[in-house]
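These protein sequences, in sequence, are chains A and B. Counting from 1 along the first sequence, just add 586 to a position and that's the residue number in my numbering. Counting from 1 along the second sequence, just add 586 to a position and that's the residue number in my numbering.
Keep in mind that the hints were calculated from the coordinates and are not lab data. Please note: incorrect hints may appear among the correct ones.
Put simply, identical chains are the same to the list, so a pair is met inside one copy or across any two.
Using 25 Å as the maximum straight-line C-alpha spacing, the simulated DMTMM-like pairs for lysine to aspartate or glutamate come out as follows [to be verified]:
(1) 975 <-> 898
(2) 636 <-> 958
(3) 929 <-> 899
(4) 592 <-> 919
(5) 749 <-> 875
(6) 880 <-> 915
(7) 876 <-> 915
(8) 975 <-> 899
(9) 592 <-> 724
(10) 951 <-> 915
(11) 950 <-> 967
(12) 827 <-> 875
(13) 670 <-> 922
Number of protein chains: 2
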Amino acid sequence: MAKKVKGGLTTPKGFYANSLNCGIKKNKNDLALLFSKAPAKAFAVFTKNKVKATPVIVSQRHVKNSLCRAIIVNSGNANCCNGKNGMRDAVAMVKATANGLDIQRKEVLVASTGIIGKAFPIKLVKRAIPSLIKGFSEKKGPSFAKAIMKTDRFSKEIAVKIKLGACVVTIGGAAKGAGMINPNMATMLSFITTDAKIDKSALKDAFNKAVDKSFNAISVDGTMSTNDSVFILANGQAENKTISKGTAAYNKFYKALEYVMVELAKMVVLNGEGVTKFVHVIVKNAKIDKDAKKIASSVANDLLFKTSLYGEDPNWGRIAAAVGYSGAELMLDKLDIYLGDKKVLSNGVRVNTDRKSLRNIYKKKNIEITVDVKLGKRRADFFTSDISKKYIDINASYSS
Amino acid sequence: MAKKVKGGLTTPKGFYANSLNCGIKKNKNDLALLFSKAPAKAFAVFTKNKVKATPVIVSQRHVKNSLCRAIIVNSGNANCCNGKNGMRDAVAMVKATANGLDIQRKEVLVASTGIIGKAFPIKLVKRAIPSLIKGFSEKKGPSFAKAIMKTDRFSKEIAVKIKLGACVVTIGGAAKGAGMINPNMATMLSFITTDAKIDKSALKDAFNKAVDKSFNAISVDGTMSTNDSVFILANGQAENKTISKGTAAYNKFYKALEYVMVELAKMVVLNGEGVTKFVHVIVKNAKIDKDAKKIASSVANDLLFKTSLYGEDPNWGRIAAAVGYSGAELMLDKLDIYLGDKKVLSNGVRVNTDRKSLRNIYKKKNIEITVDVKLGKRRADFFTSDISKKYIDINASYSS
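Please put together the full structure from these sequences, using the hints given.
Below, the structure written as structure tokens:
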């Protein structure tokens, strides 16, 4: 079993971090650096949005090398829709980082988050990079995690340790919110570090699977940012026997990685401005994985469902409607729906329930919704929240 | 040219209507009837939701006969997820109407709107049908339109007249809102009547095309109800020369029908509770129709865009992001975006604009957003609104 420990990105061996205020924002750290002393196997998953921010394009190229050592991140400006100037600036940001660290440019990944379509303040960033590098340390994981926060109510970090033979392998991570969750940045960024020694293909496999179970299984507001990115760096410093696919060590590593990423994803949901409820949507017995996910995502994103959560009004018809328009294969006369452990729909027909007990379920902070499709054996889990008036307040005047 | 006249559903010749309170709701009319003295060619478009309310299933069957004479509608109960009892009740509602009017059951269409998963009050409905029929008249179109309202701020009716040769043909319509637009009913219903004599295939063609341009081109909140339905009845009482496809008369009729339906759809958007802005999203020069519609719908439904409208914050990056995740074919380096007549994005690169003038555009009640894809020649128009705190208020406690 993985053991949760205090810490985050720099808890695994050989990782350094730092952050500072370079002047994009007032009084808040807006530039952060993550560095691995050894070349690290790197993978990333990026936004599927066709309007991609420039740093996403640059990182997509660099991560193909698969060995990276640094990630430089700014907040306050997305560097998106800035054309050639944007590309020049993203490259300059990488170059300044590589020069300062004395590593190759292609070993540097870059991420930005903030407003779209604003000239990128490259001068501020370049000027700050030397001090950023000068101050980095193995203790500054929390500083990195704080720099990527904005209106977040708490810093989102986690670390776990597992034993592989005689070696201890550590996985750490940090994340920032997205959309309604953290509307002032609108983008979801996440960084995972590990000192595990692991096969390239095993790492890729584990990472992609865990992204699917975590950051691709949270509902924000149905929008998709131009800058969303999740990164993993594995630098091998734990000196364990190389993990390969299909082994017990791989399974142990995967479970720990999934745990780290799911916990971070849950924190992203829970942390959101205006969020009063945390909801776990479970879809059971769908015919295929895709259908299970479609239904879970449809319910988790349904605006009427989310507002009824906020109002603690157990109007489960909205869940049934969201299941129905999900596009998944469905037979109404097999469909069951549960609020908590109370069945409200059985084979497509309402169950006579005591309204007060349903309302009590919606009054809780943690709510579980189960949709049983009874057409197969596939399951999906999704995490979501309510939508509150505060969400509107915050998002109504972001760029102003 | 079509001439707009005062009136609605019963303005075309040979249509009768009535409504009353049967006791589902307190003090508000909740049961309505539309009747054509002659058998009318009928078509309908229903929700694509796989969780369909029972009246939808019954009407789907009956409309296949293509000749119908009556539509019976209740509000306050969706008759959805009620299983065999629900079917028994929808059929009983049709039967009571057919018996009262002395017509065949298959000539009766039925629609319900309201809460999902509540036992259907068939006794109240059956008891009221005789008085409903007794009181119907050619002057009670407005009464029908009012019965399908709930928190609507105004009744949504329209009528137009066109001249075809020596004959005057009239088209009338009424609608009720959907989702955020009219959250207390959550369902969009619309009824169109005409006294035109028209080929079955010509009517079908014109109706489907007009549905696509109108009720399928408004954004509500991205949800899809279990009861959404749009009906048309054409009873031929104008005695015009039968309209067939490919004729000048058809074109004239189609234009008038599209006008009626687009105006009703716009009213649905404008009328919504909490709506402060009316937005026309225009997508130009997409490669295929489907892409144009995907982009328009993605922008019109984007929650971050809709909240920025409410806050009068011209944060157009959210429009670019919504275009990007629409799934349509796209090249960022060809993409242009306009707020009103101000270009803000040109070939994927931000245009230096005066922020104040952009803000002034968002301060208006009517806003036009144009997305020029420059990959082909297809266009789509979509109508949407902002999302306000009032929306959350209303939807947070609907069923309570």
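* Asked: With identical chains treated as interchangeable, where does the CA-CA distance between residue 929 and residue 899 reach 25 Å or less: within a copy, between copies, both, or neither?
  -> The answer is within: 16 Å in one copy meets 25 Å, while 44 Å across copies does not.
* To do: Since the copies are identical, ignore which copy is meant and state whether residue 950 and residue 967 lie within 25 Å (CA to CA) inside a copy, between copies, both or neither.
  => within (19 Å within a copy, 43 Å between copies)
* Status of residue 915 relative to residue 876 across identical chains (alpha carbons, at most 25 Å) -> both (10 Å within a copy, 23 Å between copies)
* To do: At 25 Å max between alpha carbons, let me know whether residue 975 reaches residue 898 within a copy, between copies, both or neither.
  => both (14 Å within a copy, 17 Å between copies)
* Within, between, both or neither, where residue 592 and residue 919 count as close if Cα-Cα is 25 Å or less -> neither (49 Å within a copy, 46 Å between copies)
* Since the copies are identical, ignore which copy is meant and state whether residue 951 and residue 915 lie within 25 Å (CA to CA) inside a copy, between copies, both or neither. => Cα proximity of residue 951 and residue 915: none, with 31 Å in one copy and 41 Å across.
* **Intra- versus inter-copy proximity for residue 915 and residue 880 (alpha-carbon distance at most 25 Å)** => both (10 Å within a copy, 22 Å between copies)
* To do: If the cutoff is 25 Å on CA atoms, where do residue 592 and residue 724 land: within, between, both or neither? Let me know, please.
  => within (14 Å within a copy, 76 Å between copies)
* **25 Å Cα threshold - placement of residue 875 relative to residue 827** => Answer is neither; intra-copy 33 Å and inter-copy 56 Å both fail.
* Asked: Given a CA cutoff of 25 Å, do residue 975 and residue 899 count as a within-copy pair, a between-copy pair, both, or neither?
  -> So residue 975 and residue 899 pass the 25 Å test inside a copy (16 Å) and across (17 Å) alike.
* Under a CA distance limit of 25 Å, which applies to residue 670 and residue 922: within one copy, between copies, both, or neither? -> between (53 Å within a copy, 16 Å between copies)
* Asked: Given identical chains, is residue 749 near residue 875, meaning Cα to Cα at most 25 Å, within a copy, between copies, both, or neither?
  -> neither (32 Å within a copy, 57 Å between copies)
Checked against the numbered hints given earlier, this structure breaks hints 4, 5, 10 and 12; the rest are met.
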